[in-house]
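Listed below, chain by chain, are the residues.
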Amino acid sequence: MAVLVIADHDGKAVRDTTHKTVTAALAISGDVDVLVLGQGAQGVADAAAKITGVRKVLLAESAGLGKMLAEAVEATVLPLAAGYDAVLTPANTDGKNFAPRIAAKLDTAPISDIVEVVSADTFVRPIYAGNALETVQSSDAKKVITVRPTAFAAAADGGSAKVETVTGADASKTTFVSEEMVKSDRPELGAAKIVVSGGRALGSAEEFHAVMDPLADKLGAAVGASRAAVDAGYAPNDYQVGQTGKVVAPALYIAIGISGAIQHLAGMKDSKVIAAINKDPDAPIFQIADYGLVQDYKVAVPELMKALG
Amino acid sequence: MKVLVPVKRVIDSNVKARVKADQTGVDLANVKMSMNPFDEIAVEEAVRMKEGKEHHAAGTADEIVVVSIGVTQAQETIRTALAMGADRGLLIQSDTDLEPLAVAKLLKAVVDEEKPDLVLLGKQSIDGDNNAVGQMLAALLDWPQATFAGKIVIEGGKAVVTREVDGGLQTVSAALPAVVSVDLRLNTPRYASLPNIMKAKKKEIAVKAVADYGVDTAPRLKVLKVAEPPKRSAGVKVADAAELVSKLKSAGVL
Numbered sequence: 001m002a003v004l005v006i007a008d009h010d011g012k013a014v015r016d017t018t019h020k021t022v023t024a025a026l027a028i029s030g031d032v033d034v035l036v037l038g039q040g041a042q043g044v045a046d047a048a049a050k051i052t053g054v055r056k057v058l059l060a061e062s063a064g065l066g067k068m069l070a071e072a073v074e075a076t077v078l079p080l081a082a083g084y085d086a087v088l089t090p091a092n093t094d095g096k097n098f099a100p101r102i103a104a105k106l107d108t109a110p111i112s113d114i115v116e117v118v119s120a121d122t123f124v125r126p127i128y129a130g131n132a133l134e135t136v137q138s139s140d141a142k143k144v145i146t147v148r149p150t151a152f153a154a155a156a157d158g159g160s161a162k163v164e165t166v167t168g169a170d171a172s173k174t175t176f177v178s179e180e181m182v183k184s185d186r187p188e189l190g191a192a193k194i195v196v197s198g199g200r201a202l203g204s205a206e207e208f209h210a211v212m213d214p215l216a217d218k219l220g221a222a223v224g225a226s227r228a229a230v231d232a233g234y235a236p237n238d239y240q241v242g243q244t245g246k247v248v249a250p251a252l253y254i255a256i257g258i259s260g261a262i263q264h265l266a267g268m269k270d271s272k273v274i275a276a277i278n279k280d281p282d283a284p285i286f287q288i289a290d291y292g293l294v295q296d297y298k299v300a301v302p303e304l305m306k307a308l309g
Numbered sequence: 001m002k003v004l005v006p007v008k009r010v011i012d013s014n015v016k017a018r019v020k021a022d023q024t025g026v027d028l029a030n031v032k033m034s035m036n037p038f039d040e041i042a043v044e045e046a047v048r049m050k051e052g053k054e055h056h057a058a059g060t061a062d063e064i065v066v067v068s069i070g071v072t073q074a075q076e077t078i079r080t081a082l083a084m085g086a087d088r089g090l091l092i093q094s095d096t097d098l099e100p101l102a103v104a105k106l107l108k109a110v111v112d113e114e115k116p117d118l119v120l121l122g123k124q125s126i127d128g129d130n131n132a133v134g135q136m137l138a139a140l141l142d143w144p145q146a147t148f149a150g151k152i153v154i155e156g157g158k159a160v161v162t163r164e165v166d167g168g169l170q171t172v173s174a175a176l177p178a179v180v181s182v183d184l185r186l187n188t189p190r191y192a193s194l195p196n197i198m199k200a201k202k203k204e205i206a207v208k209a210v211a212d213y214g215v216d217t218a219p220r221l222k223v224l225k226v227a228e229p230p231k232r233s234a235g236v237k238v239a240d241a242a243e244l245v246s247k248l249k250s251a252g253v254l
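Chains A and B, in that order, are what the protein sequence lines are. Per our numbering, residue 1 is the first one in the first sequence, and the count goes up by one each step. Per our numbering, residue 1 is the first one in the second sequence, and the count goes up by one each step.
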């Protein structure tokens with residue numbers, strides 16, 4: 001029984017979502033290999049080799065893999081899948097894109113977004129926007145699984161696995177055109193220890209940035225937003241925290257002017273400590289917040305900045 | 001261009017799902033059901049392609065076929081899509097909720113019959129939250145896929161799709177025929193007008209059975225339990241920002 005983890009990385013280093021997926025993989029089997037897909041990704045493979053518990057690292061490169069095109073990933077992984085009983089990858093937009101494609105080719109039922117490994121064939125996953133948790137047992141010989149990284153602790157570094165090169169396939173019917181990545185010096189939303197999130201109460205894009213950015217910079221935090229704020233155009237789409245956006249679980253989540261729709265709570269309720277600032281004392285966010293401040297953000301945030309020194 | 005739009009009848013997005021006391025599933029008895037919101041966005045985009053609205057050239061789509069797999073009442077979901085502007089419908093009746101792999105296999109059989117140039121569907125259904133059918137259908141057809149579309153431009157036999165990905169946007173070009181799954185911000189679906197609702201009643205909905213397609217739809221996953229997530233309880237209210245900061249400091253998170 002061996003497990004293949006497809007790494008998540010930024011082209012230079014593995015993201016800690018990979019370490020967390022390795023933890024989930026080790027709960028299934030002691031034989032865990034990591035596959036690094038990319039272009040010019042030798043450094044990533046060397047970093048993946050340091051994750052404790054990893055048996056070996058496979059590196060496959062091509063232009064299409066550099067952009068993680070699903071067709072290229074599928075064609076690269078399929079020949080390798082013969083040697084494994086399960087393929088795991090983080091449930092980020094890349095993993096969600098290619099994992100079901102691989103599963104269909106293997107005639108296997110994909111298991112999406114798992115939050116717990118019960119045994120080698122049984123897993124827990126959220127359904128209905130996190131309003132229910134389903135425990136499923138797979139009868140497929142080969143399993144394809146995406147892992148919700150915030151639900152698992154990160155495997156430590158300290159190993160020294162060897163790196164092997166394997167053939168990287170390319171996509172023929174899909175081509176990469178362009179990308180527009182949001183540039184920021186702040187930590188990534190999914191990995192930040194502190195997240196400050198703004199809602200529709202902020203009223204405009206200018207106000208959103210004027211209030212949230214200085215606070216985030218003071219705390220070294222990532223900025224998130226509710227779906228209402230994103231839909232209203234106050235914040236870019238990749239800020240969205242929620243079942244249909246990003247699922248985060250930082251040490252501290254500060255919700256500002258967010259009422260707390262079910263869909264938003266599903267994306268942040270696993271945070272260690274939740275603080276909420278909202279002028280509406282009946283806002284649902286207060287039902288799950290550890291610390292609630294009933295006050296207009298216009299008063300509360302400047303005072304918060306002052307109190308933080 | 002012919003567009004196939006698969007739609008699913010699911011719990012209405014404004015209804016809170018409640019777990020059954022015997023932990024066998026979510027209670028759907030007497031619960032309002034609607035078209036999966038992501039699928040509604042797919043229907044809207046197909047209709048705009050036909051109408052030549054937004055950036056779409058007139059006649060980008062010339063026929064829109066809507067397919068649903070589910071219980072008899074899923075005809076209402078198809079009827080909603082027809083009222084929005086789709087041309088005809090197909091219901092593949094199934095009394096059991098099929099897994100994404102089985103759905104993808106049935107849709108492949110429909111594609112083999114209908115031969116659309118584009119399959120446009122929601123990125124996930126809000127019940128199972130699998131986010132898998134579109135990708136699996138593309139794999140079974142050996143078609144290219146473009147998931148999580150925030151913008152779709154059809155030109156020169158290609159779908160140029162701007163995808164909502166972690167960290168920003170990625171634009172890819174997929175040769176048609178292709179499968180495109182849509183994300184929330186692609187468009188805001190219309191409400192069907194009364195005349196269009198009346199007109200939709202005359203549109204054709206073909207009804208077939210899963211068995212008509214001869215594909216293996218046996219479940220691969222056994223649901224052992226459906227449970228409520230652990231509850232988080234309300235904490236304390238603080239008087240002002242200074243107290244909040246001191247509480248957060250003593251909690252060790254600042």
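Be a bit skeptical, because a hint or two may be false.
Here are the simulated DSS-like pairs of lysine-lysine, each with C-alpha atoms no more than 27 Å apart in a straight line [unchecked claim]:
no.	chain 1	residue 1	chain 2	residue 2
1	B	Lys-151	A	Lys-183
2	B	Lys-20	A	Lys-269
3	A	Lys-272	B	Lys-16
4	A	Lys-105	B	Lys-231
5	A	Lys-67	B	Lys-158
6	B	Lys-2	B	Lys-201
7	A	Lys-218	A	Lys-142
8	B	Lys-115	A	Lys-218
9	A	Lys-306	B	Lys-2
10	B	Lys-2	B	Lys-53
11	A	Lys-279	B	Lys-2
12	A	Lys-193	A	Lys-306
13	A	Lys-105	A	Lys-50
14	A	Lys-193	A	Lys-105
15	A	Lys-56	A	Lys-67
16	B	Lys-231	A	Lys-298
17	A	Lys-142	B	Lys-201
18	A	Lys-269	B	Lys-53
19	B	Lys-115	B	Lys-2
20	B	Lys-151	B	Lys-16
21	A	Lys-272	B	Lys-2
Everything labelled a hint here was simulated from the structure, so no lab data went into it.
Hint check results:
1. Lys-151/B x Lys-183/A: 21 Å, holds
2. Lys-20/B x Lys-269/A: It holds: about 22 Å lies between the C-alpha atoms, which stays within 27 Å.
3. Lys-272/A x Lys-16/B: Distance ~24 Å between Lys-272/A and Lys-16/B Cα, so the pair holds.
4. Lys-105/A x Lys-231/B: Roughly 39 Å between the alpha carbons, so the hint for Lys-105/A and Lys-231/B is violated.
5. Lys-67/A x Lys-158/B: Holds, at about 19 Å.
6. Lys-2/B x Lys-201/B: Distance of about 22 Å is within 27 Å: holds.
7. Lys-218/A x Lys-142/A: 47 Å, violated
8. Lys-115/B x Lys-218/A: 56 Å, violated
9. Lys-306/A x Lys-2/B: 60 Å, violated
10. Lys-2/B x Lys-53/B: Holds - the C-alpha atoms of Lys-53/B and Lys-2/B are around 17 Å apart, at most 27 Å.
11. Lys-279/A x Lys-2/B: 51 Å, violated
12. Lys-193/A x Lys-306/A: Holds, at about 21 Å.
13. Lys-105/A x Lys-50/A: 31 Å, violated
14. Lys-193/A x Lys-105/A: 38 Å, violated
15. Lys-56/A x Lys-67/A: Holds. Lys-56/A to Lys-67/A sits at ~24 Å (cutoff 27 Å).
16. Lys-231/B x Lys-298/A: Violated, at about 31 Å.
17. Lys-142/A x Lys-201/B: It is violated: about 46 Å lies between the C-alpha atoms, which goes past 27 Å.
18. Lys-269/A x Lys-53/B: With a Cα-Cα distance of about 40 Å, the restraint between Lys-269/A and Lys-53/B is violated, given a limit of 27 Å.
19. Lys-115/B x Lys-2/B: 8 Å, holds
20. Lys-151/B x Lys-16/B: 30 Å, violated
21. Lys-272/A x Lys-2/B: 50 Å, violated
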